[in-house]
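As they're listed, the protein sequences go chains G, R and U. According to my numbering, the first sequence is numbered sequentially starting from 1. According to my numbering, the second sequence is numbered sequentially starting from 1001. According to my numbering, the third sequence is numbered sequentially starting from 2001.
Treat the hints as calculated values from the structure; they're not laboratory data. None of the values given here were measured: they were computed from a predicted structure. Keep in mind that a hint or two might mislead.
Here are the computed lysine-lysine pairs in the DSS-like style, where the Cα-Cα straight-line distance is at most 30 Å [to be verified]:
1) R/Lys1031 <-> U/Lys2002
2) U/Lys2002 <-> U/Lys2031
3) U/Lys2002 <-> G/Lys35
4) U/Lys2035 <-> R/Lys1002
5) U/Lys2035 <-> G/Lys35
6) G/Lys2 <-> U/Lys2035
7) R/Lys1035 <-> U/Lys2074
8) R/Lys1069 <-> G/Lys69
9) U/Lys2069 <-> G/Lys74
10) G/Lys2 <-> G/Lys31
11) U/Lys2002 <-> R/Lys1069
12) U/Lys2035 <-> G/Lys31
13) G/Lys31 <-> G/Lys69
14) R/Lys1074 <-> U/Lys2069
15) G/Lys2 <-> R/Lys1074
16) R/Lys1002 <-> R/Lys1035
17) U/Lys2074 <-> R/Lys1074
18) G/Lys69 <-> R/Lys1035
19) U/Lys2002 <-> G/Lys2
20) U/Lys2002 <-> U/Lys2035
21) G/Lys35 <-> R/Lys1031
22) R/Lys1002 <-> R/Lys1031
23) U/Lys2035 <-> G/Lys69
24) R/Lys1069 <-> U/Lys2069
25) G/Lys35 <-> U/Lys2074
26) R/Lys1035 <-> U/Lys2035
This is what each chain is made of:
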Amino acid sequence: MKSLTEQLWFEVPHRRGFLNITETVEELVRKSGVKEGLCLVNAMHITASVFINDNESGLLNDFELWLEKLAPEKPHSQYRHNGAEDNADAHLKRSVMGREVVVAITNGRLDFGPWEQIFYGEFDGMRRKRVLVKIIGE
Amino acid sequence: MKSLTEQLWFEVPHRRGFLNITETVEELVRKSGVKEGLCLVNAMHITASVFINDNESGLLNDFELWLEKLAPEKPHSQYRHNGAEDNADAHLKRSVMGREVVVAITNGRLDFGPWEQIFYGEFDGMRRKRVLVKIIGE
Amino acid sequence: MKSLTEQLWFEVPHRRGFLNITETVEELVRKSGVKEGLCLVNAMHITASVFINDNESGLLNDFELWLEKLAPEKPHSQYRHNGAEDNADAHLKRSVMGREVVVAITNGRLDFGPWEQIFYGEFDGMRRKRVLVKIIGE
Chain G
1 MKSLTEQLWF EVPHRRGFLN ITETVEELVR KSGVKEGLCL VNAMHITASV
51 FINDNESGLL NDFELWLEKL APEKPHSQYR HNGAEDNADA HLKRSVMGRE
101 VVVAITNGRL DFGPWEQIFY GEFDGMRRKR VLVKIIGE
Chain R
1001 MKSLTEQLWF EVPHRRGFLN ITETVEELVR KSGVKEGLCL VNAMHITASV
1051 FINDNESGLL NDFELWLEKL APEKPHSQYR HNGAEDNADA HLKRSVMGRE
1101 VVVAITNGRL DFGPWEQIFY GEFDGMRRKR VLVKIIGE
Chain U
2001 MKSLTEQLWF EVPHRRGFLN ITETVEELVR KSGVKEGLCL VNAMHITASV
2051 FINDNESGLL NDFELWLEKL APEKPHSQYR HNGAEDNADA HLKRSVMGRE
2101 VVVAITNGRL DFGPWEQIFY GEFDGMRRKR VLVKIIGE
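Chain G on its own, in the form it takes in the complex (with noise of 0.2 Å):
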């Protein structure tokens, strides 16, 4: 069995936003020489979310508006997790968009779909923060 471990590190400039990370993780795949096996993706922070959708700008918007309906930053004091802190809604937008994909590698590449991209969604930025992508197989 191979495997291959790498951290990605992110800052986004805002409080939220969505990064294209693709690219990167094929790379990884490539790197890694495993022909079949299983490719993980996770965000380490739990105020960010990897998740698997299409690169579409106003999709993306969208996204953004919506998270805020269902789990609206403001105001802070409606969360007991805003004490010292005021991120209560990252967390829960991150549990809607999910921590993590798993991705099939087949013949040596990621195998998606025809419109399958993976983003990065960051919900409390202005930070460096990190993703890892672990792949295992042969």
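Got chain G sorted already, so can you dock chains R and U onto it with the hints?
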């Protein structure tokens, strides 16, 4: 390490619907010959979901109504993604239900609790769409 | 390839509650002898969840209130699933929080960010229920 990769095709005749795909996945586990491992089942389209829940028609109806409340289809104009498209709500609904499941394989079978069943959740149907099954193990 | 399969049993004394199961899973990783691999942790029941978030009591309280807003328990009659049963809301809440987590194992340990902790989320308790831990790797 053994592996198996298969694509399942579905065409749901309505915009939304749920299909129980448990038996098909179980057959693929047998076919793979894997006794101990992991089975990834994921939607290859970003307006569909694979999830595990109860095979009970009342509950599936509750899911339909609940998702429509959390992420209503109409009016289509409420979403920026809906220019040439009208399926923004499907992207959001799929985010709630999840893209994929990872199921343990133990003694050559899906290692399930008493009521776990795998569903394909379609949120933008009336077209042929795919699910990927990837099995790895020994 | 090495593998380990274990079932954890819990009985939460209330309808809803959260249990931090990180240490138990970490012990199973040690027991497995796997140095590089993947660890799947999933609820075996469809009214419970396994998720990763922060071990902070204010936040866990926020989750309880937020989930009750997104998928209220009462009135029970609002859900078709609630004929003989009264737990439709538990199926919906678990869908928001997720059935499973997949965690990387690196150098024989759960490869976690600074605040990641694994929780069992119970949404229909007062009975014995199970979590499955499946570890594969080398």
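Each hint, compared with the structure:
no. : hint                    : in the structure
1   : R/Lys1031 <-> U/Lys2002 : holds, 21 Å
2   : U/Lys2002 <-> U/Lys2031 : holds, 11 Å
3   : U/Lys2002 <-> G/Lys35   : holds, 20 Å
4   : U/Lys2035 <-> R/Lys1002 : holds, 20 Å
5   : U/Lys2035 <-> G/Lys35   : holds, 21 Å
6   : G/Lys2 <-> U/Lys2035    : holds, 12 Å
7   : R/Lys1035 <-> U/Lys2074 : violated, 43 Å
8   : R/Lys1069 <-> G/Lys69   : holds, 12 Å
9   : U/Lys2069 <-> G/Lys74   : holds, 16 Å
10  : G/Lys2 <-> G/Lys31      : holds, 11 Å
11  : U/Lys2002 <-> R/Lys1069 : violated, 45 Å
12  : U/Lys2035 <-> G/Lys31   : holds, 20 Å
13  : G/Lys31 <-> G/Lys69     : violated, 40 Å
14  : R/Lys1074 <-> U/Lys2069 : holds, 22 Å
15  : G/Lys2 <-> R/Lys1074    : violated, 48 Å
16  : R/Lys1002 <-> R/Lys1035 : holds, 10 Å
17  : U/Lys2074 <-> R/Lys1074 : holds, 26 Å
18  : G/Lys69 <-> R/Lys1035   : violated, 45 Å
19  : U/Lys2002 <-> G/Lys2    : holds, 13 Å
20  : U/Lys2002 <-> U/Lys2035 : holds, 10 Å
21  : G/Lys35 <-> R/Lys1031   : holds, 20 Å
22  : R/Lys1002 <-> R/Lys1031 : holds, 11 Å
23  : U/Lys2035 <-> G/Lys69   : violated, 42 Å
24  : R/Lys1069 <-> U/Lys2069 : holds, 12 Å
25  : G/Lys35 <-> U/Lys2074   : violated, 50 Å
26  : R/Lys1035 <-> U/Lys2035 : holds, 21 Å
Checked against the numbered hints above, the structure violates hints 7, 11, 13, 15, 18, 23 and 25; every other hint is satisfied.
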